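Can you make the complete structure from the sequences, with help from the hints?
One line per chain: the protein sequences are A and B, in this order.
Residue 1 is where the first sequence starts when you use the working numbering, and the numbers rise one by one after that.
Residue 1 is where the second sequence starts when you use the working numbering, and the numbers rise one by one after that.
For the record, the hints were derived by calculation from the structure and aren't laboratory data.
Note that the coordinates shown come from a computational prediction; the quantities given were computed from them, not determined experimentally.
Ideal Cβ placement from N, Cα and C applies to all residues, glycine included.
Take these hints with a grain of salt, some might be off.
Unchecked claim - Pulled a few chain B residues facing chain A out of the computed Cβ check, cut under 7 Å: (1) PRO22; (2) THR26; (3) ASN74; (4) VAL76; (5) ILE77.
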Amino acid sequence: MAPRIGVVLFPGTNCEHDAVHAVERLGGDAELVWHGATSLGAYDGLILPGGFAHGDYLRPGAIARFSPVMEAVAGYAAAGGPVVGICNGFQVLTEAGLLPGALQKNRGLRFLCTTVTIRVESGRTALTDGVEVGTELSIPINHFEGNYTCDADTLAELRAEDRVVLRYVDNPNGSVDDIAGVCNAGRNVVGLMPHPERAVDALLGSLDGTVLLGALLRSAGATTPAA
Amino acid sequence: MAPSQQFSVQVEVLLRDGIADPQGATIERALPALGLIGVTGVRAGKSFRFDIAAADEADALAQATVVADRLLANPVIEESVVTVRPA
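Encoded structure:
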């Protein structure tokens, strides 16, 4: 059966249909989940897509963290379910404490909308399962606050535990240690600033997003936490 | 005890020392255009004002600190200073 992915929709999210399209293109089923939901359906994986949840007021993700659905997302993550936060979704996951660190304003205060090369640094996460370490992917970025920051102890822990999932080949935003994506200790929650869901069609410039989202669908097929 | 007093709260949020402050740096770089060349150490932050009904000043400070720590500041990169006074 096709893996069923829930795509969480906050007021101000704007990449949800891209995420649904990408999942369906890869043979999965996708369904939007409103942020007011207090429980989740029987999903095999979750995507928190990009956008400006709650207008990004205060800080990106700061208000979204208190959306009713986040308690269910935290429970789903704790049960081992694959959860991927893309761009604003990554910011939400850090604010919610499901991933370490924070995303601050880009170095140089520039909004970045371009395509970058990222390198897969760990092949043992919900988003990179089975992907060879060192694989380079061409994926769009589109953010103002994508400058990954954490304290020295956290960085040392991330490195020691092989939890830096993706790095920029040419750091565009000042992120510490060129980090483009990290995972939690359980390796089932992954956040990244680049947009793999926008790189699933050769006509739009790149197919490389299918490498990551294909791995997510594989992870989703392998894990079905209790609803 | 029921809240009996109004307090005015000010919360100032700044990036922690050691966290790059590109806004502050950009503002600082703009100042020579005003003819001011001696201004250094510019930090950009946020300021919040609100009122709290509380039993006493300690209670108001405790509540305001929860607001600051759990919502207004992200402790990974920011720190907050809470000031409470009777309204």
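Consistency of the hints with the structure:
Contact between PRO22/B and chain A, as hinted, is supported at the beta carbon level, the nearest pair being about 5 Å apart and thus within 7 Å. The interface hint given for THR26/B is met, as the beta carbon of that residue sits about 6 Å from the closest beta carbon of chain A, less than 7 Å. Satisfaction of the interface hint for ASN74/B is found here, the shortest Cβ-Cβ separation to chain A being roughly 5 Å, below the 7 Å cut-off. Given the 7 Å rule on beta carbons, the hint for VAL76/B holds: about 4 Å separates it from the nearest Cβ of chain A.
The interface hint given for ILE77/B holds, since its Cβ lies 5 Å from the closest Cβ of chain A, which is under the 7 Å cut-off.
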